[in-house]
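Number of protein chains: 4
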Amino acid sequence: MSINSFGHLLRLTTWGESHGAAIGCVIDGCPPGIAVDEGHIQRFLDLRRPGTGKNVSPRQEADLVRILSGVYERKTTGTPIALMIENSDARSADYPANAPYRPGHADYSYDAKYGFRDPRGGGRASARETAMRVAGGAVARLVIPEVIIAGRVVEIGGESDAERWDALLDEARAGGDSLGALVECVASGVPAGWGAPVYAKLDADLAAAAMGINAVKAVEIGDGFGAARLKGSENADAMRSGARFDSNHAGGIAGGISTGQPIVLRVAFKPTSSIRIAVPSIDASGQEVDAVTTGRHDPCVGIRGAPVVEAMVALVLADHKLLHRGQCGGQ
Amino acid sequence: MSINSFGHLLRLTTWGESHGAAIGCVIDGCPPGIAVDEGHIQRFLDLRRPGTGKNVSPRQEADLVRILSGVYERKTTGTPIALMIENSDARSADYPANAPYRPGHADYSYDAKYGFRDPRGGGRASARETAMRVAGGAVARLVIPEVIIAGRVVEIGGESDAERWDALLDEARAGGDSLGALVECVASGVPAGWGAPVYAKLDADLAAAAMGINAVKAVEIGDGFGAARLKGSENADAMRSGARFDSNHAGGIAGGISTGQPIVLRVAFKPTSSIRIAVPSIDASGQEVDAVTTGRHDPCVGIRGAPVVEAMVALVLADHKLLHRGQCGGQ
Amino acid sequence: MSINSFGHLLRLTTWGESHGAAIGCVIDGCPPGIAVDEGHIQRFLDLRRPGTGKNVSPRQEADLVRILSGVYERKTTGTPIALMIENSDARSADYPANAPYRPGHADYSYDAKYGFRDPRGGGRASARETAMRVAGGAVARLVIPEVIIAGRVVEIGGESDAERWDALLDEARAGGDSLGALVECVASGVPAGWGAPVYAKLDADLAAAAMGINAVKAVEIGDGFGAARLKGSENADAMRSGARFDSNHAGGIAGGISTGQPIVLRVAFKPTSSIRIAVPSIDASGQEVDAVTTGRHDPCVGIRGAPVVEAMVALVLADHKLLHRGQCGGQ
Amino acid sequence: MSINSFGHLLRLTTWGESHGAAIGCVIDGCPPGIAVDEGHIQRFLDLRRPGTGKNVSPRQEADLVRILSGVYERKTTGTPIALMIENSDARSADYPANAPYRPGHADYSYDAKYGFRDPRGGGRASARETAMRVAGGAVARLVIPEVIIAGRVVEIGGESDAERWDALLDEARAGGDSLGALVECVASGVPAGWGAPVYAKLDADLAAAAMGINAVKAVEIGDGFGAARLKGSENADAMRSGARFDSNHAGGIAGGISTGQPIVLRVAFKPTSSIRIAVPSIDASGQEVDAVTTGRHDPCVGIRGAPVVEAMVALVLADHKLLHRGQCGGQ
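Chains A, B, C and D, in that order, are what the protein sequence lines are. Heads up: the first sequence begins at 24 in our numbering, then just goes up one per residue. Heads up: the second sequence begins at 24 in our numbering, then just goes up one per residue. Heads up: the third sequence begins at 24 in our numbering, then just goes up one per residue. Heads up: the fourth sequence begins at 24 in our numbering, then just goes up one per residue.
These are computed hints drawn from the structure, not numbers from a lab. There is no bait here: all hints are sound.
Computed spacing ranges between beta-carbons, pair by pair:
{"id": "1", "chain 1": "A", "residue 1": "270", "chain 2": "B", "residue 2": "184", "range": "24 to 34 Å"}
{"id": "2", "chain 1": "B", "residue 1": "186", "chain 2": "A", "residue 2": "266", "range": "40 to 50 Å"}
{"id": "3", "chain 1": "C", "residue 1": "139", "chain 2": "B", "residue 2": "352", "range": "19 to 29 Å"}
{"id": "4", "chain 1": "C", "residue 1": "313", "chain 2": "B", "residue 2": "173", "range": "53 to 63 Å"}
{"id": "5", "chain 1": "A", "residue 1": "300", "chain 2": "B", "residue 2": "173", "range": "29 to 39 Å"}
{"id": "6", "chain 1": "D", "residue 1": "169", "chain 2": "B", "residue 2": "56", "range": "20 to 30 Å"}
{"id": "7", "chain 1": "C", "residue 1": "66", "chain 2": "A", "residue 2": "138", "range": "55 to 65 Å"}
{"id": "8", "chain 1": "D", "residue 1": "214", "chain 2": "B", "residue 2": "214", "range": "21 to 31 Å"}
{"id": "9", "chain 1": "C", "residue 1": "198", "chain 2": "D", "residue 2": "169", "range": "40 to 50 Å"}
{"id": "10", "chain 1": "C", "residue 1": "312", "chain 2": "D", "residue 2": "270", "range": "11 to 21 Å"}
{"id": "11", "chain 1": "B", "residue 1": "352", "chain 2": "C", "residue 2": "182", "range": "43 to 53 Å"}
From the derived model, a few chain B residues whose C-beta atoms are all more than 12 Å from chain A:
{"id": "12", "residue": "56"}
{"id": "13", "residue": "57"}
{"id": "14", "residue": "58"}
{"id": "15", "residue": "59"}
{"id": "16", "residue": "97"}
{"id": "17", "residue": "109"}
{"id": "18", "residue": "186"}
{"id": "19", "residue": "212"}
We put the beta carbon where it would ideally sit given N, CA and C, even for glycine.
Starting from the given sequences, assemble the full structure and let the hints guide the process.
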């Protein structure tokens, strides 16, 4: 119910603004006795960290995570795991309080909801929040050692040939513009039987997990939109003795429950909303004024999206492992 | 947390199997004093009812809904509204207990999860469950009279020209095959400010709502997958004085919160899994055996999907209206 | 979150008014493969049924329960179990719409909350709702066959000598008055380790479960209020090899987690609020008018409270068994 | 669902062990625009802080709270409020890893649940966790400015004459023993209509809130256990024109919903379990060994309990204000 929490039994609650003192999360419901340390979490954080290349935001954040609770002598205790990252490089001066609503950002909608907001760097709506999803996902992975989760960018600016991406990004950056991206994530090793019918379907939870990531506008499982263009006979995944399947149009989920095949989802990231090209907008007083972003931003936010998608998939799968074990017993 | 419930404050819990005694739902958290009667709910049920044409299942169900609680003198009382539909035309003989796992259905995954299942007509995994979503959605609409929700099929079998659909469906039916479909749903009149940041984002909840519908494999908001192919400058929705927007690439949601523009989502339904064409499969004992569906089924389940998508959208929006009012006050 | 639902993983949702068409419940999250039929549930319902003696309400309700879903060939399927009891003997004429607010009842507070209410027989606030708790508890017991739950009235009208109760009740009934009661419930066989720290403590959940029963005003675990009058040295439960305890002041719970000792709770039921003695009150228009109850009511509602307390304890324990298994694994 | 979270719409999640790096909490769902700063929260923390007198633990903790998120320019933003207190004075050496299970503590039950635990100072089960409840309650109070919440110790060691308490405590301390206490809490100004029927009853939520506090073994609303000894005619709260009541046996709640009268609850704290008197126990290997507490502890943990009870009452009431507004509208 908590609107800043995610998950049923394994539950991630995040907090923190982009330019506040720190960001953090609480991971509740983690099984006890799992080996974990800061190094393990840090490795995943480093994958999404800004400042690591020309195609991601030059903001310099060490993003050093601290484990504040729930771990004793490098093992989870079963009590809530609190993680925190101090915000070391937050240049609030980049964000004047009375700035225009930046199109594509949550500026206007937050003001409409709450009456006002923390304007520094997108505040709570900043993609910085996703660092905590990655941290939570790093812990979730340890709950499901039987599963391998691999996400990767498969398309940038509509181009699937990765050799063309660098040129496209250079061009966008030079023009002060940005590009969208497609991320595909595959989870192998999920046994048949995880998930739940009707309203906590594995695919429904994955869809919420993915769509809740900043800048995501679409999600599909298996053949997804393509399945709507297939005939039933083409879309059928024939089965063979030993519960083997001839194909995986379903993307590893049937009726909301895993089939034992790899779970495949694809996620669309819109182009970064922060661009140096002026877009007509208004400010909080209703005055028309062009919005031009001058802060530091990724030319393609989707590039850093892959580890976030992986993390959300890990959280959903770990949660459903526990849910399944709770209701149906077993390992 | 309940795995057969949906929603935060306005909460739908459904129950019932396709060929059991009845199906039903409980709608909890509905505001008091709202005028409602069985006729109102029945009108929406009739829109998704089978047996109404050659392109939908010939199963004859009157689908007469009864209000069992929560309504007094045709007004909601604020207490749980229980609805029930008796299953009048359930031919269980169509479903032998030791049938092959039907590809695309939840047969195998349910068995993997629960060890056994109610095999009659898909049991809990039957699309019949969606009747209760439609009933719940009919009540939810009354909570948000300011919103108009309109869903429609926009593509069948990859064809967007509606004049071609009849021929395509005839052909599929004649061949014992089935077709997928695309449903678009637009919700107008949603004020700016509904939704919540991070993990109960309006779009995340809509994605879960849509992906949880039987046979749905993909969902997109606004430009969706198309947004991943736009540049930031193309995707930006410029704003004008009066909080008017020049475009609606965002589909009415920014940062998980409504912008006041129409909310637009598109949902992909896979082709009906029940087809008369044999598909290799196995039975519960692991024996290889062809699956051929002989029961009554829709050649294109997506056709009846539009009212279900509408209903889920209504449930999400009504829920978020109450959530917003709870946290931020106001009407 | 649902305000008419109870439990985390094993979740009971009830619906229905005292004088509506029916009452019912949905039990979600029940493990699959558990043998159950209507006879099993009926046996527990019969224990709390009115009309079975002079000290309980003469209302004649067969209270025949029907299983509508979630059970196939007398085994739970893991999908939601819907139960329903038709209201056969509801004399609405006993309850004029413009009656005075009955002191001790929810009449006034419901009107204050919802603006109006279903006045027939207490509507949703009627003790009749507890029939569904008993039905839910009957199912929950099957989830925890290792536990024996025994509730009993230990005090009526302040008198703990059971031989005196009949005379006290005769006297109260003759005078149109009513008596309170104390119910004690002991759950044996709960292994050490069920429960959860901090906000889903086993005792906190039991307290909510008990306090949520109609007419309950107090609950204590183990020595309860008595513990506040002991010294630490007197209250300590010494332990011996084999995890045996010398005493059970704690009532089987330490730090919110079961210790393996019997769980003991005591619950106070206020005297039935419906009495034939006039009490000054007001009606919905604010007019002063005496309230005199003429309908059929128990002289001591606590007598029928014992099976309800047992049921709620069963629901809490079964829920925590699943929660524990979900987080920590094992049987 | 989260087992370290509390509340429906206004939701407190706490984390941290007694002797870890820090303790903290996340308050989610708080309305925006409420004035708050660290000074406000600190004032309430100082009331429960140890080291402030001879009758409370001499542990010296400055308990300085930091607001890490959710507040901008001293106003709540509607996003999650994270609070943290560093643990400055944690003497882990007081707690050898292989210590005997301390009777009355959660040592044995935690080990039974999780297999092992953080033994330093009670870890997660330490009363130190309640600092974060107090901090959360301080924020919750701001959500309900119309309500005044006053808790106080009304009995120590069975003695209600406050002038005798000092001598009793001196005696207990001298003997290495401890005393229980009774805390009464009154919330005035709650309008009629807060609460919810059946499973989120105001009294049920208060009972869970109170029983979930460390060392609490009993809770009663209004006349509580005394009500079980009254006749219906004695227990009836007569009403007068203007919705005034002649008495308040009900403790301000009828049918789970507030009546507009002061809400009154009483909570029993057991004597501090940590005593210097040896009690037979076992260690983790099952070996019999006397438990003697040598660390720093309160002779009567109930004394510091009053601000914690107040805080939990504030959290429940603020939560129900938002829930009521969500479902029923209005202020």
